[in-house]
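Protein chains in written order, with this note's numbering: chain A, 1 to 265; chain B, 1 to 265; chain C, 1 to 247; chain D, 1 to 247.
By construction, these hints were calculated from the structure, which means they are not laboratory data. Certain hints may be false.
[To be verified] Below, simulated EDC-like cross-link-like pairs (lysine to aspartate or glutamate); rule was C-alpha separation at most 16 Å, straight line:
1. C:K57 / A:E203
2. B:K68 / B:E100
3. C:K149 / C:D94
4. D:K57 / B:E203
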Amino acid sequence: MATIAPLSEAVAHVVRDGDTVAFEGFTHLIPFAAGHEVIRQGRRDLTLVRMTPDVLYDQLIGAGCARKLVFSWGGNPGVGSLHRFRDAVQNGWPRPLELEEHSHAGMANRYVAAASGLPFAVLRGYTGTDLPAQTANIASVTCPFTGEVLTAVAALELDAAVVHAQRADRHGNVQLWGITGVQKEAVLAATRSLVTVEEVVDELEPRPGAVVLPSWVVDYVAEAPGGAHPSYAHDYSVRDNDFYVAWDEISRDRDRFAQWLEGVA
Amino acid sequence: MATIAPLSEAVAHVVRDGDTVAFEGFTHLIPFAAGHEVIRQGRRDLTLVRMTPDVLYDQLIGAGCARKLVFSWGGNPGVGSLHRFRDAVQNGWPRPLELEEHSHAGMANRYVAAASGLPFAVLRGYTGTDLPAQTANIASVTCPFTGEVLTAVAALELDAAVVHAQRADRHGNVQLWGITGVQKEAVLAATRSLVTVEEVVDELEPRPGAVVLPSWVVDYVAEAPGGAHPSYAHDYSVRDNDFYVAWDEISRDRDRFAQWLEGVA
Amino acid sequence: MNYSSDEMMTVAAARALRDGAVCFVGIGLPSTAANLARRTHAENLVLVYESGTIGAKPDRLPLSIGDGVLADTAVSVVGVPEIFNYWLQPGRIDVGFLGAAQLDRFGNINTTVIGGDYRHPGVRLPGAGGAPEIAASCREVVVVVRQTKRAFVERVDFVTSFGFGSGPGEREELGLRGAGPQLVITDLGVLRPDPDTRELVLTALHPGVDVATVRERTGWDLRVADDLGVGEPPTDRELTVLRELTR
Amino acid sequence: MNYSSDEMMTVAAARALRDGAVCFVGIGLPSTAANLARRTHAENLVLVYESGTIGAKPDRLPLSIGDGVLADTAVSVVGVPEIFNYWLQPGRIDVGFLGAAQLDRFGNINTTVIGGDYRHPGVRLPGAGGAPEIAASCREVVVVVRQTKRAFVERVDFVTSFGFGSGPGEREELGLRGAGPQLVITDLGVLRPDPDTRELVLTALHPGVDVATVRERTGWDLRVADDLGVGEPPTDRELTVLRELTR
Numbered sequence: 001m002a003t004i005a006p007l008s009e010a011v012a013h014v015v016r017d018g019d020t021v022a023f024e025g026f027t028h029l030i031p032f033a034a035g036h037e038v039i040r041q042g043r044r045d046l047t048l049v050r051m052t053p054d055v056l057y058d059q060l061i062g063a064g065c066a067r068k069l070v071f072s073w074g075g076n077p078g079v080g081s082l083h084r085f086r087d088a089v090q091n092g093w094p095r096p097l098e099l100e101e102h103s104h105a106g107m108a109n110r111y112v113a114a115a116s117g118l119p120f121a122v123l124r125g126y127t128g129t130d131l132p133a134q135t136a137n138i139a140s141v142t143c144p145f146t147g148e149v150l151t152a153v154a155a156l157e158l159d160a161a162v163v164h165a166q167r168a169d170r171h172g173n174v175q176l177w178g179i180t181g182v183q184k185e186a187v188l189a190a191t192r193s194l195v196t197v198e199e200v201v202d203e204l205e206p207r208p209g210a211v212v213l214p215s216w217v218v219d220y221v222a223e224a225p226g227g228a229h230p231s232y233a234h235d236y237s238v239r240d241n242d243f244y245v246a247w248d249e250i251s252r253d254r255d256r257f258a259q260w261l262e263g264v265a
Numbered sequence: 001m002a003t004i005a006p007l008s009e010a011v012a013h014v015v016r017d018g019d020t021v022a023f024e025g026f027t028h029l030i031p032f033a034a035g036h037e038v039i040r041q042g043r044r045d046l047t048l049v050r051m052t053p054d055v056l057y058d059q060l061i062g063a064g065c066a067r068k069l070v071f072s073w074g075g076n077p078g079v080g081s082l083h084r085f086r087d088a089v090q091n092g093w094p095r096p097l098e099l100e101e102h103s104h105a106g107m108a109n110r111y112v113a114a115a116s117g118l119p120f121a122v123l124r125g126y127t128g129t130d131l132p133a134q135t136a137n138i139a140s141v142t143c144p145f146t147g148e149v150l151t152a153v154a155a156l157e158l159d160a161a162v163v164h165a166q167r168a169d170r171h172g173n174v175q176l177w178g179i180t181g182v183q184k185e186a187v188l189a190a191t192r193s194l195v196t197v198e199e200v201v202d203e204l205e206p207r208p209g210a211v212v213l214p215s216w217v218v219d220y221v222a223e224a225p226g227g228a229h230p231s232y233a234h235d236y237s238v239r240d241n242d243f244y245v246a247w248d249e250i251s252r253d254r255d256r257f258a259q260w261l262e263g264v265a
Numbered sequence: 001m002n003y004s005s006d007e008m009m010t011v012a013a014a015r016a017l018r019d020g021a022v023c024f025v026g027i028g029l030p031s032t033a034a035n036l037a038r039r040t041h042a043e044n045l046v047l048v049y050e051s052g053t054i055g056a057k058p059d060r061l062p063l064s065i066g067d068g069v070l071a072d073t074a075v076s077v078v079g080v081p082e083i084f085n086y087w088l089q090p091g092r093i094d095v096g097f098l099g100a101a102q103l104d105r106f107g108n109i110n111t112t113v114i115g116g117d118y119r120h121p122g123v124r125l126p127g128a129g130g131a132p133e134i135a136a137s138c139r140e141v142v143v144v145v146r147q148t149k150r151a152f153v154e155r156v157d158f159v160t161s162f163g164f165g166s167g168p169g170e171r172e173e174l175g176l177r178g179a180g181p182q183l184v185i186t187d188l189g190v191l192r193p194d195p196d197t198r199e200l201v202l203t204a205l206h207p208g209v210d211v212a213t214v215r216e217r218t219g220w221d222l223r224v225a226d227d228l229g230v231g232e233p234p235t236d237r238e239l240t241v242l243r244e245l246t247r
Numbered sequence: 001m002n003y004s005s006d007e008m009m010t011v012a013a014a015r016a017l018r019d020g021a022v023c024f025v026g027i028g029l030p031s032t033a034a035n036l037a038r039r040t041h042a043e044n045l046v047l048v049y050e051s052g053t054i055g056a057k058p059d060r061l062p063l064s065i066g067d068g069v070l071a072d073t074a075v076s077v078v079g080v081p082e083i084f085n086y087w088l089q090p091g092r093i094d095v096g097f098l099g100a101a102q103l104d105r106f107g108n109i110n111t112t113v114i115g116g117d118y119r120h121p122g123v124r125l126p127g128a129g130g131a132p133e134i135a136a137s138c139r140e141v142v143v144v145v146r147q148t149k150r151a152f153v154e155r156v157d158f159v160t161s162f163g164f165g166s167g168p169g170e171r172e173e174l175g176l177r178g179a180g181p182q183l184v185i186t187d188l189g190v191l192r193p194d195p196d197t198r199e200l201v202l203t204a205l206h207p208g209v210d211v212a213t214v215r216e217r218t219g220w221d222l223r224v225a226d227d228l229g230v231g232e233p234p235t236d237r238e239l240t241v242l243r244e245l246t247r
């Protein structure tokens, strides 16, 4: 049964120094509020995992929380590059950032394998690319029926998963809809999980396209209205595209970024 | 784009002698009307595939349409055994029935592999049981990362899939809800597909829990109101439990069954 | 109140489910027992059906694994591949509830064929369904089955679902993660695996049943626990709720 | 009407999409082109986005791959694992639309690193996203990219998405099922792979562009097709719809 707790308490329980942790969200429902709380709590040595690390991850990396990034596409969607991410990779500032890089299909299947309690997943992927040479987590596997050689990716087991959703009920059952990404898989792949929600309601009335996470696979639920800003929560808020554009300016310069960071603390 | 056609025409296009064909449905939405049309059209040598072959498959087997059954649980749910199935297996009547037998988890993953364009799927399954000794479609596979040995099942590629759904729109997009089983996977695993529906509507208004199959992965849609009877279509009809009980009597005796069969033709 | 041995069996099975447990439920007796438990001592029991319904709270007894009442009252309805891959396989389920046509000394279950050989069976049964992976992956398995000499055999004719194989260490060697059949509830009493030998041992009798009857209806030389207990008869409340459910 | 070379490129890309095709769309120029096509000659174009939206009919240009308008107008919204496993991987998609930071003579694409080595790159780019499997599994791939000497290189610094490797037969050997990059649309013209050598060849110029300019902005010794064509300029309708979309 999920515990409903204040955000700071929930983050303290779920995200610990040295964790392999995913803050998932595919443009939609990105758990910014929880990520900022991680910055405030001064977490260090995190292996950050996400298919689409974007502005939130740029912030976590710039704040020095991360030791490593496991990802498949790192950019500011619709704007351009992530400058804190680039600065860490190209200049080791504020600290070196180790990379483990995949394709979306590979990452998605790595989550699926972990959510399924399997050590690996099979796909047609990465073939002919230079990606497999850069990580031990991509290998090949032979079909025992046809002899065909396919790609295997290692399960992506997480210490912690943090996602944002529209609603939870008072028992801690969570409901999210719109573009639902790999949030369910991330929660099921994690030892500990936290879901921040727009609101806690008495009853989750059924919604078309909704994914529901039963309370008993979620550890903490925290109310964080607007907690996906500047990303959005379908039917609750719209994406703040101006912020994404502004971030390009804020993040280009270390001092300017430091100023922004002070505002979070 | 799916073609919307009368049931007899659609069945004639989709189900052919010698086909490997699944009429899927997990208690709910079983495509009885389409199955009866297959009996009327006198199809022969079918390899019938289904996780839960029940009364419809008892009828198809008793009518002599099937050469082989690929399945994981064959019974009359809540009632008992399938007498035409037993008669075929134990006595070869009206013709011998070859069996290929799996667990539900194995069958579900075989559908997933085929729907995914992969030759096999990996699971933790069948371990320690006598099932793998009876088929070549269960094997083992070693994780290239951990060395752990897991179970592999061969993809279940179908010539044809037939399912029943609540609604389609005039473009042939299909919507089903309630217990949705493996219907999506079966359609995606098949070269040809037919969906019978309770009704064709102008617009598919979104429904909680609905699975939607886009028109371009469906070959034929046929209107068949009540076409799941004696099973049910959630929000359209209720299960005719009395028929399932009555079937036990009808199917026990070859003559009594023959009488029933005349009523179908 | 008077009660039948089947009612005693169902009540005993329901009592085996602790409040808050997550239970993978097959149709028939297991479903009746789980729904009884939810209405008596285990209000927060989570029912998971292989049709893909998670956390169903049916207001009547579902008539099949795919009864519409399960979808209507579930916290979440998922597809069949997902229920096996994301929910059963990783070991998220506390208790798997299984029936059996044959059950042997080491808790192996047969629901496939009896007599003859596999290709020419004496009796063809429905087959495996979800059972092999339920038996493998749930934290523990509870088997509910009427006790007859035909059903309780020295060695099953076909291993549909693996219990303890032929003794200690085999589950571990096969890499099975769940603890296997920890409890067998019959219309006569309760059997549990000996912690050392993994052989099923009679550990409790239902009220009014004697050991001789149980041994008579067991196809192997049944061991009896030193501290053999006797179960509590069904309470009036349990019987009332059960009869309400099944009428 | 006057138009820019970017507008010409987008219109040419839109024209490459036949009505009724199923198109896997990345954000940016590909999305603009696909939405333009749907509003002009290809009303029944099916747009699939990697965020899981199938058959979206956005009434404005989506601002990101996960724009809410995609979910609101889609025929079906599925999870990200499903979009890759059930929809892209089996070869159900007719056309994959890709961009590129670097594109080489044999249609290989780099969106990972430029200069230096992988661990110490000159420029770190966003990475692969969905592209490697889009390039592998779609029936054909259309690349839309501005033509510059920096982008059009003899050999990409890093193969993020496989085109034809270093020539004929390699896709087949690797078991890739899609036909690979069949069309490259730039702001200057159109390139197609030579059927024999698989080398990208200039097959058409946009109106007002000459071969010398294209060769100047190509980092290898570009071959020109014997029957070099010249594209039609954007129609007023195409420009009006495009500007409506992007304003």
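Mind checking the alpha carbons of K57 (chain D) and E203 (chain B) for me, to see if they're no more than 16 Å apart?
Holds, because 14 Å separates the two Cα atoms, which is no more than 16 Å.
Are the Cα atoms of K149 (chain C) and D94 (chain C) separated by 16 Å or less?
30 Å, violated
Tell me if the straight-line CA distance from K57 (chain C) to E203 (chain A) falls inside 16 Å.
14 Å, holds
Between K68 (chain B) and E100 (chain B), does the CA-CA distance stay at or below 16 Å?
Satisfied, since the Cα-Cα distance of roughly 8 Å is no more than 16 Å.
Of the numbered hints given earlier, the model fails hint 3 alone.
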